[in-house]
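Sequences listed follow chains W and V, in order. Residue 244 in our numbering sits at position 243 of the first sequence, with consecutive numbering throughout. Residue 1212 in our numbering sits at position 190 of the second sequence, with consecutive numbering throughout.
Worth flagging that the hints you see were computed from the coordinates, not collected in a lab. Virtual Cβ for every residue (Gly too), placed ideally from N, Cα, C. Some clues are possibly wrong.
What the hints assert, rightly or not - Far from chain W by the CB rule (all over 10 Å, computed), these chain V residues:
#	residue
1	Lys-1127
2	Thr-1238
3	Gly-1250
4	Glu-1251
Unchecked claim - Listed next, the in silico DSS-like pairs over lysine-lysine satisfying Cα-Cα at most 30 Å (straight line):
#	chain 1	residue 1	chain 2	residue 2
5	V	Lys-1165	V	Lys-1267
6	V	Lys-1065	V	Lys-1267
7	W	Lys-242	V	Lys-1127
8	V	Lys-1352	W	Lys-242
9	V	Lys-1185	V	Lys-1168
10	W	Lys-242	V	Lys-1105
11	W	Lys-54	V	Lys-1181
12	V	Lys-1065	V	Lys-1328
13	V	Lys-1127	V	Lys-1165
14	W	Lys-126	V	Lys-1363
15	V	Lys-1065	W	Lys-54
16	W	Lys-126	V	Lys-1165
17	V	Lys-1082	W	Lys-242
18	V	Lys-1363	W	Lys-242
19	W	Lys-242	V	Lys-1224
20	V	Lys-1267	W	Lys-242
21	V	Lys-1185	W	Lys-126
22	V	Lys-1352	W	Lys-54
23	V	Lys-1352	W	Lys-126
24	V	Lys-1101	W	Lys-242
25	V	Lys-1230	V	Lys-1210
26	V	Lys-1138	V	Lys-1127
27	V	Lys-1138	W	Lys-54
28	V	Lys-1065	W	Lys-126
29	W	Lys-126	V	Lys-1267
30	W	Lys-54	V	Lys-1224
31	V	Lys-1224	V	Lys-1210
32	V	Lys-1165	V	Lys-1082
33	V	Lys-1138	W	Lys-242
34	V	Lys-1279	V	Lys-1213
35	V	Lys-1082	V	Lys-1328
As a plain string of letters, each chain reads:
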Amino acid sequence: MTDAVLPAPIVKPAPDRERLAAFGFVAPSVLIIALVFVLPLALLLGVSVLDAKGGVTSAHYVRLLGTPYYLGVIWNSLRLGLLTTLIAFLISYPAAFALARARGALRSILLATLFLPLAASVIVKAFAWTILLRSDGLINTVLIALGLIEDPIRMIFTQTALIVGAVNIFLPFMVLPIYAVVAQLDGRYAEAAATLGASPFVVFFRVILPLTLPGIIAGVALVFSLSVSAYVVPTLLIGEKYPTLATTIAKAYLLAREPGFGAAAGVVLLAIAVIVVALSAMLSREPK
Amino acid sequence: MHPFSRRSLLKTGAAFAASFAAPSLVRAAPKEIVIGGPAGAAKYFNADLFPVLEKKLDCKVLYEGTNSLTNLQKMQADKASPKISVVIMDDPVMLPAAAEGLITKMSSSAIPNLGKLVDDAVHQDGLWANYQKPWVGIAYSTKRMKTPPVSWTELWDAKYDSKIVIPSLSNTEGFWTLLAAAHLETGKPFKEAQYEIDAGFKKIKSLKANLLNVYTNAPQAINLLEQGEAWMIGGQFSAYTLIRKADGSPVDLAIPKDGGFSMPSGIAKVAGGPAGDLADAVIDFYLSPEAQTILAKTAFIAPTSKATPLPAGYPDPASLFAPDWAFIAKNRAGWVDRWSKEMT
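Bound-form chain W, shown alone (with noise of 0.2 Å):
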């Protein structure tokens, strides 16, 4: 095998060697990731159709998919996920022209109110946000002194509240993926389709939009993933009136002590994010 090999190196670069080579490059993150990735998933896939007594049931699928309580809970982590998503795009996508257009200080200024957020926790995040919508918080106050509404509103504790929240605490993770790939864009190409006679909306939709696709896809895989899966987001800003794939998971695990109920909530919710950014992957990789 060896001598095979070695006469003609320069002219075949040892296909065999090449592949060993690019092993052992990944062998070391693919065997941390089996480790603390892959084995854990499994464990918890097992656990899932398993019983009390350890015997096989798919007992706990049932109860989660057949149920019309526990049916309201993944529409409502797939609700949380999919509007948090929408409205991120929506407010992302200028934001991050109005990034890469910007020069100098006032780039640097709004690279930081993206950036500085993420130091701050979620936690803080959540808590602020109570004390913004609160009856005698800053929005009522704003909203009753132009003379728009009377009385307060109630704000906090809803649905509106949690979106709000929600769009805001993952809004960068989507700025960022659609900026990187909009500071990269050439100008030309919008310039060349105007010349050839399309119009704006035309150049839009047929030129910038696919270009930036990239972007939006890693930005709305991120987001989506999130979002769905969020835990404390959901508990601080509505409480029990919304429950969750997480919270459910959460309560399995802590008080119910039904780890098979819990794991088999996990597997649900890896699903529904493992669909999301497989799409995402197969979306992206369309030719333009």
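Starting from the known structure of chain W, arrange chain V on it as the hints suggest.
The following block gives chain V in isolation, referenced to the frame of chain W:
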């Protein structure tokens, strides 16, 4: 960055080896004892109680403050060689700990103060003893409420639309409002109403219109009350609310005329735990008038030692209702499941 040098590695290695070879050298001087207990008590234990205890018994206390169920899990996991010597938990969690043999019987010969407690403070022949009795009532904002609430029915008053906060049944303190609801629905005294949980659920569901929030995170709820966004929180402990009042927050705790509750907290010796004699001395200290006076003053909890006077303004512990925890422990998981379905 400074990478590990060979010398520093050798040094660390040598130190490790030495600590294995001569453990007594590393753990020299004062005796150490690990006490497991509630996270909420860590602040006043560390500030007011442990300095006195450490000086008196010439020891070093390591306090593991977490919630009771976590401490229970730790004790189950370490059953073969426990690390905790003394454990402090609410009575409902003491029950499973006792049933699983995780705590061991205490005797008046080793713990003289055990014999000097009020009636009902020693459980299951000395498996655990109550060192304190916090009481439970309705916490209210003194900024919003001109007069304290006089009855549990006030929580249901339509004028408090979206002004009431209650704890989730997932929290220990979540049971109180459900118990009050059962009492209001059936008209029976607490002693009988505590077994009428269906009635309790029926009544508490009608509280929804008044609910600003059902909390699992206690600090957030108290924060809402301090800000005046919430007007009342049903079923709060004296140790939570009155500490905030003492700090100057506009909150207070009312005991409704139809009754307040008591939540006895217990102390126990871990079966097979380290430093057995020191554990006895620590428990004796907790049950002494000296420690109980400190706790009564700083944490607003009624003492259980007969020799400790009840501070002025504290309710008579005998007037407070203590529920059947064994019944609650048996049914709680099912109730919590029902609660999450019916209260959302």
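Hint check results:
With 10 Å as the threshold on Cβ separation, the claim that Lys-1127 (chain V) sits away from chain W holds: the shortest Cβ distance comes to roughly 27 Å. A beta-carbon of chain W comes within 10 Å of the beta-carbon of Thr-1238 (chain V); the shortest separation is about 6 Å. With 10 Å as the threshold on Cβ separation, the claim that Gly-1250 (chain V) sits away from chain W is violated: the shortest Cβ distance comes to roughly 7 Å. Non-interface status of Glu-1251 (chain V) relative to chain W is broken: a Cβ of that chain comes within 10 Å, the nearest being about 4 Å off.
Taken as a hint, the Lys-1165 (chain V) and Lys-1267 (chain V) pair is honoured in the structure, with Cα atoms around 12 Å apart against an allowance of 30 Å. Of the pairs offered as hints, the one joining Lys-1065 (chain V) and Lys-1267 (chain V) holds, with about 16 Å between alpha carbons and a cut-off of 30 Å not exceeded. This hinted pair does not check out: Lys-242 (chain W) and Lys-1127 (chain V) have alpha carbons roughly 44 Å apart, beyond 30 Å. At most 30 Å may separate the alpha-carbon atoms for a hinted pair to count; Lys-1352 (chain V) and Lys-242 (chain W) meet this at roughly 26 Å.
Under the criterion of a C-alpha separation no larger than 30 Å, the hint pairing Lys-1185 (chain V) with Lys-1168 (chain V) is consistent with the structure, at around 15 Å. Using a Cα cut-off of 30 Å, the hinted pair Lys-242 (chain W) and Lys-1105 (chain V) is violated, with the two alpha carbons roughly 40 Å apart. A C-alpha spacing of about 51 Å is found between Lys-54 (chain W) and Lys-1181 (chain V), which places the hinted pair above 30 Å, so the restraint is violated. With a C-alpha separation of about 26 Å, the suggested pairing of Lys-1065 (chain V) with Lys-1328 (chain V) holds against the 30 Å cut-off.
Proximity of Lys-1127 (chain V) to Lys-1165 (chain V) is assessed by CA-CA distance (about 48 Å); at most 30 Å being required, the pair is judged violated. Restraint check for Lys-126 (chain W) and Lys-1363 (chain V): satisfied, since their Cα atoms lie roughly 29 Å apart, inside the 30 Å limit. With a CA separation close to 41 Å, the supplied pair Lys-1065 (chain V) and Lys-54 (chain W) exceeds the 30 Å bound. A C-alpha spacing of about 26 Å is found between Lys-126 (chain W) and Lys-1165 (chain V), which places the hinted pair at or below 30 Å, so the restraint holds.
With a CA separation close to 45 Å, the supplied pair Lys-1082 (chain V) and Lys-242 (chain W) exceeds the 30 Å bound. For the proposed pair Lys-1363 (chain V) and Lys-242 (chain W), the alpha carbon gap of about 10 Å is at most 30 Å, so the pair holds. Between Lys-242 (chain W) and Lys-1224 (chain V), the direct Cα distance comes to roughly 17 Å. Compliance with the 30 Å bound is thereby established for this hinted pair. The hinted pair formed by Lys-1267 (chain V) and Lys-242 (chain W) meets the criterion: a straight-line CA distance of about 29 Å does not exceed 30 Å.
Distance restraint check for Lys-1185 (chain V) and Lys-126 (chain W): the Cα-Cα separation of roughly 23 Å lies within the 30 Å cut-off, and the hinted pair is therefore satisfied. A hinted pair counts as satisfied when its Cα atoms are at most 30 Å apart, and Lys-1352 (chain V) with Lys-54 (chain W) qualifies at roughly 19 Å. With a C-alpha separation of about 38 Å, the suggested pair Lys-1352 (chain V) and Lys-126 (chain W) falls outside the 30 Å cut-off, and the hint is violated. The suggested pairing of Lys-1101 (chain V) with Lys-242 (chain W) is violated, with an alpha-carbon distance near 39 Å, which exceeds 30 Å.
Restraint check: the Cα-Cα separation between Lys-1230 (chain V) and Lys-1210 (chain V) comes to about 23 Å, which is no more than 30 Å; the hinted pair holds. Taking the CA atoms of Lys-1138 (chain V) and Lys-1127 (chain V), the gap is about 17 Å. The hint holds against a cut of 30 Å. Restraint check for Lys-1138 (chain V) and Lys-54 (chain W): the C-alpha separation of about 45 Å exceeds 30 Å, so the hint is violated. A hinted pair counts as satisfied when its Cα atoms are at most 30 Å apart, and Lys-1065 (chain V) with Lys-126 (chain W) qualifies at roughly 25 Å.
In summary, the hint linking Lys-126 (chain W) to Lys-1267 (chain V) is supported, as the alpha carbons are separated by about 26 Å, within the 30 Å threshold. Between Lys-54 (chain W) and Lys-1224 (chain V), the direct Cα distance comes to roughly 34 Å. Violation of the 30 Å bound is thereby established for this hinted pair. Restraint check: the Cα-Cα separation between Lys-1224 (chain V) and Lys-1210 (chain V) comes to about 15 Å, which is no more than 30 Å; the hinted pair holds. Taking the CA atoms of Lys-1165 (chain V) and Lys-1082 (chain V), the gap is about 43 Å. The hint is violated against a cut of 30 Å.
Between Lys-1138 (chain V) and Lys-242 (chain W) the CA atoms are separated by roughly 47 Å; this puts the pair beyond 30 Å, and the hint is violated. Between Lys-1279 (chain V) and Lys-1213 (chain V), the direct Cα distance comes to roughly 16 Å. Compliance with the 30 Å bound is thereby established for this hinted pair. As the CA atoms of Lys-1082 (chain V) and Lys-1328 (chain V) are separated by approximately 28 Å, the hinted pair is consistent with the 30 Å bound.
Against the hints set out earlier in the document, violations occur for numbers 2, 3, 4, 7, 10, 11, 13, 15, 17, 23, 24, 27, 30, 32 and 33.
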